[in-house]
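K.L.:
Chains as they are written, first to last, in the working numbering: chain A, 1 to 384; chain B, 1 to 384; chain C, 1 to 384; chain D, 1 to 384.
Quick caveat, the hints were computed from the structure, so don't treat them as lab data.
Where hints are given, some of them may not hold.
No copy labels: a pair is met if it fits in one copy or bridges any two.
Simulated crosslink set (BS3-like; lysine-lysine; CA at most 30 Å straight-line) [stated by the list, open to error]: (1) Lys259 - Lys375; (2) Lys61 - Lys263; (3) Lys259 - Lys378; (4) Lys3 - Lys371; (5) Lys259 - Lys44; (6) Lys93 - Lys277; (7) Lys259 - Lys93.
4 protein chains.
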Amino acid sequence: MRKICVVISARASYARIKTMLENIEQNENLSLEIILIGSSILEKYGDISASVQAKFKNVFKIHTSFEPGSASAMAKSTGVSIIELSNYFSNSKPDIVITIADRYETISTSIASSYQNICLVHIQGGEITGNIDEKVRHANSKFADYHFVSNEIAKKRLRQLGEEPSSIFNVGCPSIDIANQLKKNRSLDFNPFEKYGGVGNIFDIKSNDYLVLLQHPVTNENLDSELQMSKSLEAIKKTDMYAFIFWPNIDSGTSGTSKAIRKFRENYFSNKIHYFKNFSPEDFLKLLMNSSCLIGNSSTGIRECSFLGIPVVNIGSRQNGRLRGSNVIDVNHDINEIYQAIIKCSETETNSQNLYGNGNAGFQISQILEKLTLKNDKRFIDIL
Amino acid sequence: MRKICVVISARASYARIKTMLENIEQNENLSLEIILIGSSILEKYGDISASVQAKFKNVFKIHTSFEPGSASAMAKSTGVSIIELSNYFSNSKPDIVITIADRYETISTSIASSYQNICLVHIQGGEITGNIDEKVRHANSKFADYHFVSNEIAKKRLRQLGEEPSSIFNVGCPSIDIANQLKKNRSLDFNPFEKYGGVGNIFDIKSNDYLVLLQHPVTNENLDSELQMSKSLEAIKKTDMYAFIFWPNIDSGTSGTSKAIRKFRENYFSNKIHYFKNFSPEDFLKLLMNSSCLIGNSSTGIRECSFLGIPVVNIGSRQNGRLRGSNVIDVNHDINEIYQAIIKCSETETNSQNLYGNGNAGFQISQILEKLTLKNDKRFIDIL
Amino acid sequence: MRKICVVISARASYARIKTMLENIEQNENLSLEIILIGSSILEKYGDISASVQAKFKNVFKIHTSFEPGSASAMAKSTGVSIIELSNYFSNSKPDIVITIADRYETISTSIASSYQNICLVHIQGGEITGNIDEKVRHANSKFADYHFVSNEIAKKRLRQLGEEPSSIFNVGCPSIDIANQLKKNRSLDFNPFEKYGGVGNIFDIKSNDYLVLLQHPVTNENLDSELQMSKSLEAIKKTDMYAFIFWPNIDSGTSGTSKAIRKFRENYFSNKIHYFKNFSPEDFLKLLMNSSCLIGNSSTGIRECSFLGIPVVNIGSRQNGRLRGSNVIDVNHDINEIYQAIIKCSETETNSQNLYGNGNAGFQISQILEKLTLKNDKRFIDIL
Amino acid sequence: MRKICVVISARASYARIKTMLENIEQNENLSLEIILIGSSILEKYGDISASVQAKFKNVFKIHTSFEPGSASAMAKSTGVSIIELSNYFSNSKPDIVITIADRYETISTSIASSYQNICLVHIQGGEITGNIDEKVRHANSKFADYHFVSNEIAKKRLRQLGEEPSSIFNVGCPSIDIANQLKKNRSLDFNPFEKYGGVGNIFDIKSNDYLVLLQHPVTNENLDSELQMSKSLEAIKKTDMYAFIFWPNIDSGTSGTSKAIRKFRENYFSNKIHYFKNFSPEDFLKLLMNSSCLIGNSSTGIRECSFLGIPVVNIGSRQNGRLRGSNVIDVNHDINEIYQAIIKCSETETNSQNLYGNGNAGFQISQILEKLTLKNDKRFIDIL
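Model the full structure from these sequences, guided by the hints.
P.N.:
What follows is the structure, given as structure tokens:
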């Protein structure tokens, strides 16, 4: 049995690869170990440990997050992750380690495994965005021995990066798998207020009648995060529509983003707004499918929402360069631009597009993991 | 004044960029800070702190090296480096941070600076080798905002990696600067035994009459390091020539390489062999210029030795893929292959070649650093 | 000149030793270095770096705090502090390092210095309390080479701990120095709302007409912290008096304590309550001197308040065992007990008592530091 | 079942508590977890992991050792130990954690457990020595909730330290258990050269005809370690007796001690000397029982050797203050003093003494661990 170790560093990453985990767990030739690090186990950012432990057998937790209120917190958290992950790998001796996408902590998985000559697999390489993610993603690819990518464009980019074509597998994005399962039944079959609590007024939820805001800080614009968030909140206020507002992730600048929300909540009492920390991946997509649109800069707006045909107002530079569908309206951090885009979203229909795969990525990955030739060495392939 | 911070993690890296440091220190528009980490400040691997502190004003030391006798040591040392470097940068606030080449610890410099939005410069990207270095080097390039490379081939590779052409400067390798200064006077103007002590018999040194062996472990072949080193030692024994043998660097596998040397020394008493820890960059090149050949897998054999026309027996995979001159004979870890190559070296002449620049890289770099537009954000450039 | 390095890990510790720092800085035979770690540089807990840097020349910051929402955060923060402090000491080479009192991070100062054979001085040993502080304080004493204590009882306890009598100096507590300076003019000469902002309603402040609540989690009762805090808040509610409520420190359980405050604020809208993060040491004492009483479990209630004759309702186990004056009423975490004690406080007068010195500790310490024989070795002194 | 977690940081500590581990493992009401840290898993200092894993089920390894060639290595290793141990405890949730004696890393076990409110047991408190151990030992006691001590004097000292009498158990030292088992058959029933290899000449071993030297650096005299060791080696040379010389532990100063051995070996070729890294606890005692005497500063000379009646030349300050029998001759780092003491040892007989228990400590400890009331809180007990 091949031992596969997957490191998850945030609730969003878990959502993205849940079907892959299920398929590995069910595969008789593979054994699965999950390590939870970073904000994925912090109550404040939506602790996923209980739900992961309920579904999967081997789950180990490592607290790696420094208090995010300092410029050095992201780097220091990454340093601690490397120290502890390398020790875990050294005892557990996995055959394959999987690092996910592009969050800043994901590089620690790459270093801890490749420095110990363990075969490293990277999911979701070859894409382009803003944020420190853009640097981290490609660095992960250069450490990885194998790549599971979401589309042909990403595959082409990995070849450009000097990767061996036979090491790159275009299986689509596993985040689409969940979207695909939900596609048939789009109804909001749970009560958000009852199930997730949150803070703020409770109101009647009608389909296509409410907004969802999920906006993270941009690490290399971290000093502007409070201002940027306040623009989005002001735009929502201007619409006077019902809205669900979610707290940001732990990236550098998060205190600014949170401060904007707290100030907004204290200064503007509205009985049309409710604040949430965290939904399960499935419930979040159900909420989006019934919303007027998603506002912010989450990659869910680009990936799952294109597949599900959900309108998105994408703000700022965070998703710059990522392949997107006609469901996305790109705007700057400008109250009026955001407001206009929201209005436009509520008036137009959007169609589903298959930019990130067909919805069976998790199964494909588990099949390929069975047969991969284990290796930890590669050379840059010249193509120029 | 622009504050430039350079992190050095090994004696070999110092040799490689010494002229760059001198040119930055002398430049009126730049102020220089040097941080010494890793094996560069360990007595066992040739502590350079005294000589660096004698030449440069602002030198700070961070002990980051775990005892190298474990598989996780390289990763853990990197983790600690990130933690402490990020704190140093956070207090010192440099305008530009420079990370050098491809040793495993160099990624910590990249992460600590780029995660804090500091402009990052990478030296010696775009080359190809074996070892974990191959992965680390390209990952460094993907974190870096600017690149100083050694030749046009390296420049082309960085463009392939998706880097903006205007961010890549082909200035040659600063290691050639020192070689260039020494070229005029090739005489061995010091007594190695007196100046550096070492262990073993003292003998008469005649030009072209002795061998120099410098062989490091290969991180992804670390379990073979003792065997690999013993082959090289046996080949030297077979020649019955005078030889200077240097201890290896701190890479994973170093205990095996050292063990081979210790066993060899204990089991084979020869009055023709002397063991050294560490020479100054200049003295090491002088020793090489007067040797019959350099044996092992150091990049000095590929870079400086091609410029100086010194014959090299390059063993194994460590330098695989690096641009090399006609001075290099590549062989496997095989006693007879190594022996034959040594004999061939002593019989043929080699010419100087300019594969890694003309010898003014340090000056060019300092000039460019003055004027670089500070930035910490970039996007992958598609060329396919 | 003797180099003295003082490590400060929390705003409360700074308040406690400010006069000592001033006296060292002014002493011609001493040079001062201050290192700020832990919550002392986190905005959320009252970042003191700007005010420290404004007063003192050599200030270095080290971010060591893990996100406090996990059981392992205190230990991990301590581990990182040791790593980085030992490196700082190794570069700076102080003659004497000073560790303050008993917060959990203070042991890192003791370890980092004593493991490098640097003479260690401990302030405020020999006292008894609850919390992890009780263990940390005495462990600090066993690492320290010299001790500055607050009274004769503390001195006696250090002898019992096996310390050499000549290494123990009873100078009083430097926190009393500030109290002493303020004693003459007890007026509230600033507007708290204007100077410190905070959250909540703004009201007219009349002397002896308002309460101040400062309650920290108890580390070994950390799972009860929310409940414990809610009792105190309910008691305040019951009084219907004006109140200033301060956020807790970063100790384990802090999320529970904060949660209680947030819930209270959301569920009970009162125009008589205002919430603050952090005052300067002087302003906090001025606020207390004009209050009806201090409620909670801060050591300020035991130390400075006894000297200033301020009534205190001390709740729970955190200060158990600490020498206290007649100004303190001890109660359990019981709404009614707390309420009754508050009422009693507003009806009785309290007198000043000199349990923790006369107010010139800072000066005495700086004088003694000049002349201490530097040492790093000691033996337990048997007295039984 | 009560989960007991024991952290071992050096081969010598393992020897000391082996019978305790066996008794816990065999106890039906207890489950045992062993964590190996520090030099206990470094080949250079005698990696015990294979033999521990062969005997015990749950063994986890954490590489924590920094390269010992720097002043900050001990502190940094301790910092990393705290970080990783606290994470291990946080996942494994032991009921009781046991920290052993006084090596510098042992404080990390105390901090990682007590900061997470886990009941902490300390073995071998209440003794007096030199070295940083003296400070660490008493600090461990102040963190611990329960104490297993070796004799009545140690028990009295813990009461003086302010510990609750009912929390202190005088069970004797478990190191004596092994000595007791070996007492009946004192013969050297194995061939040291065959079983342990080592370096140097092979010779005929006759009882009482050879010396054993085991000398560690003294941390607070670390700069003198090379000189101190060379004195001992010179004294051995002067006797011209057969000798087994063991490499030192990893304490600060170890490079100096090792250097002295290497220089001695290179400059003085003797066919009467053999160098070893590490014996099993049992074999080491057998070697000692048949030797003329043990020379150096190991606590084995004080503990086990008093019980077994083995003559000891104890050099320098490391064991200062520790209760010793008539088998010990204390000398300074002086060639002649050491030489004279060796001669005296070979001429006098020594008797067995029961200063450290009767040889059933391991069993007693396991019995008590079953029934201890779990707690994590205590107060200093005044006795003055």
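K.L.:
Run every hint past the structure and note whether it holds.
P.N.:
Each hint tested on the structure:
For the homomeric pair Lys259 and Lys375, the shortest alpha-carbon distance between copies (27 Å) is at most 30 Å, but the shortest distance inside one copy (47 Å) is not. Proximity of Lys61 to Lys263 under the C-alpha cut-off of 30 Å is restricted to the inter-copy arrangement: shortest distance 29 Å between copies versus 34 Å within a copy. Taking CA atoms no more than 30 Å apart as the test, Lys259 paired with Lys378 passes between copies only; the shortest distance there is 28 Å, against 46 Å inside one copy. With identical chains, the CA atoms of Lys3 and Lys371 are at most 30 Å apart within one copy only, with a shortest distance of 12 Å there and 40 Å across copies.
Proximity of Lys259 to Lys44 under the C-alpha cut-off of 30 Å is found in both arrangements, the shortest distances being 14 Å within a copy and 11 Å between copies. Proximity of Lys93 and Lys277 under a CA criterion of 30 Å is satisfied inter-copy only: 28 Å between copies versus 35 Å inside one chain copy. In this assembly of identical chains, the alpha carbons of Lys259 and Lys93 lie at most 30 Å apart only when taken from different copies (25 Å versus 43 Å within one copy).
Figure legend: structure checked against the earlier numbered hints; every hint is met.
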